[in-house]
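Count along the sequence shown from 1, add 1449, and you get the number used in this note's numbering.
It cannot be assumed that every hint is accurate.
Unchecked claim - Within a straight-line C-alpha distance of at most 25 Å, the following computed DMTMM-like cross-link-like pairs (lysine to aspartate or glutamate) qualify:
no.	residue 1	residue 2
1	Lys-1732	Asp-1696
2	Lys-1732	Glu-1492
3	Lys-1607	Glu-1617
4	Lys-1707	Glu-1776
5	Lys-1583	Asp-1654
6	Lys-1583	Glu-1617
7	Lys-1729	Glu-1700
Please keep in mind that the hints were generated in silico from the structure rather than gathered at the bench. The structure presented is a predicted model; accordingly, all values stated were derived computationally and were not measured.
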Amino acid sequence: MRIHDFFQKFEGESFTYNDLICLPDFINFSMEEINLTSKITREITLRTPIVSSPMDTVTEAELAIVLALQGGLGIIHYNMLPQEQLDQVLKVKKFKNGFISDPLTLSPNNTIQDVVHIKKEYGYSIVPITEDGKPHSKFLGLVTKYDYSTLSLEDLEKPIWERMIPVERLSTVVFEEFYSEGYFDLVKANNRLLDSHQAALPIIDQLGNLRYLMTRSDLQKHQNYPLATTNSSQVLRVGAAIETWHDKAIERLAALEKHVDLVVFDTSQGHSSYLVDLIKFTKSKYPHLQIIGGNVVSSDACEALIKAGADGIRVGMGSGSICTTQEVGGVGRAQASAVYNCAQICKRKSIPLIADGGITGSSDMVKAFILGADSVMLGSLLASTSEAPGKCQIKNGILLKEYRGMGSSKAMQKGSSFRYSTQHATIKIPEGVCGAVPSKGSISEWVPCLIQGVKQGFHKLGYKNFSELRCAFLDNKLMLEKRSDGAKKEGSVHSLYEITQDAPPTFSKSHYEDLINV
1450 MRIHDFFQKF EGESFTYNDL ICLPDFINFS MEEINLTSKI TREITLRTPI VSSPMDTVTE
1510 AELAIVLALQ GGLGIIHYNM LPQEQLDQVL KVKKFKNGFI SDPLTLSPNN TIQDVVHIKK
1570 EYGYSIVPIT EDGKPHSKFL GLVTKYDYST LSLEDLEKPI WERMIPVERL STVVFEEFYS
1630 EGYFDLVKAN NRLLDSHQAA LPIIDQLGNL RYLMTRSDLQ KHQNYPLATT NSSQVLRVGA
1690 AIETWHDKAI ERLAALEKHV DLVVFDTSQG HSSYLVDLIK FTKSKYPHLQ IIGGNVVSSD
1750 ACEALIKAGA DGIRVGMGSG SICTTQEVGG VGRAQASAVY NCAQICKRKS IPLIADGGIT
1810 GSSDMVKAFI LGADSVMLGS LLASTSEAPG KCQIKNGILL KEYRGMGSSK AMQKGSSFRY
1870 STQHATIKIP EGVCGAVPSK GSISEWVPCL IQGVKQGFHK LGYKNFSELR CAFLDNKLML
1930 EKRSDGAKKE GSVHSLYEIT QDAPPTFSKS HYEDLINV
């Protein structure tokens, strides 16, 4: 049945992803032609449509870095002080610098020991030397690890000018020569860096003052991670979650707004005057900030947040594996129905939709995209990776990683009660649980598997990209069917004693309960 006809017929029923199956269509292209580039906000594009959930056992700097390198985006949680959250954001920003606009600099009269301190404290092995030690004053030279790594303790006390490579011996770039029509020619600068055989390329102005620094290590990262989510200066993008309690939100916004690419106002029920007012305030004070509003599950709620100024909408209530909102409050919506209904208004307004919750693997991702999502937000699937901040434990010989809902009592004790509007309640009823998930290894191995599964789904559907899929959605060309219990069983692994090889990446021990023993 055509997608809009399907939901009209079953209006009033709430569907999960597993309740639905998509029908294949004609294929006239190879899988290599599939492009999953999609928007997460009006202005920010992802080459891998995956966003990490802002949970304290899912997203901190390490995970955000690796996910951004894979083409996705990490959202740093707010269960920490604003300065601590800023530190996490800056760690992401400094990883793949592109143009380093504010490099750590020293003066010629500093000692080599000061350079060693920068290496130990910040990880930078190349330090520009300026006349007065300030980042944008007259450039005099560079110190690299080769200039100090084998020195004796006594030599470390010598002044930098004795060991630095003077500007006269360096290849430099004059900023104005590579800058035109509002853009710096990164390709041209990269080629100059390669031709120079230097570890770094100083970019100076016509007066000889240091403007930027480019490093060879970052050039290598550009080549190794072609899908990486970066801004125009080739710096990794990162988002940050903000609570919706007005005073707290204002404090956190002030700390983050100059450094973060987008903010996610993080509340379990986003259809409220509090969030509408906060979005309006933020758009007025920080018009450069991209804002994701939510969580919502209805078209009316989407329309209210879009009208307030939201650049992206986060959809989902109570569908996460560790969320008990629907059980505690009796409020929410099955995720497939929530995504479809919210997509009606998001598509008309050209606002990206993020499907948050209920994703167990690549098949659910494909269904979310068919129903109108532009990206998916993952919690448990990323909490299981080695980059997630959750603690590890071994149980019955299985390596597990801690995973807890932001509505759990432990998370709320650290500050997430604002998300559930229970910060002043005498009795706090948790809307999430604490648990553990089996470790899956690194994101760099896990995310490509998910994306390949999505591509295989797109190929069977007959669509090469999101643009074609959106047109099919709007034109009512997509075909869905409701699955019976028998269909669900038939569509999963069955009639085996055991699986010895090639289990799907989401296959879990609970599936064995449905197997027919031979």
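For each hint, the structure was consulted:
Restraint check for Lys-1732 and Asp-1696: the C-alpha separation of about 16 Å stays at or below 25 Å, so the hint holds. This hinted pair checks out: Lys-1732 and Glu-1492 have alpha carbons roughly 14 Å apart, not beyond 25 Å. As the CA atoms of Lys-1607 and Glu-1617 are separated by approximately 21 Å, the hinted pair is consistent with the 25 Å bound. Distance hint between Lys-1707 and Glu-1776 is unfulfilled; the C-alpha atoms sit about 40 Å from each other, more than 25 Å.
A threshold of 25 Å between alpha carbons decides the hint, and for Lys-1583 with Asp-1654 the separation of about 15 Å falls inside it, so the pair holds. Restraint check for Lys-1583 and Glu-1617: satisfied, since their Cα atoms lie roughly 20 Å apart, inside the 25 Å limit. Simply put, Lys-1729 and Glu-1700 have alpha-carbon atoms about 16 Å apart, close enough for the 25 Å limit, and the pair holds.
Consistency note: the structure conflicts with earlier hint 4 alone.
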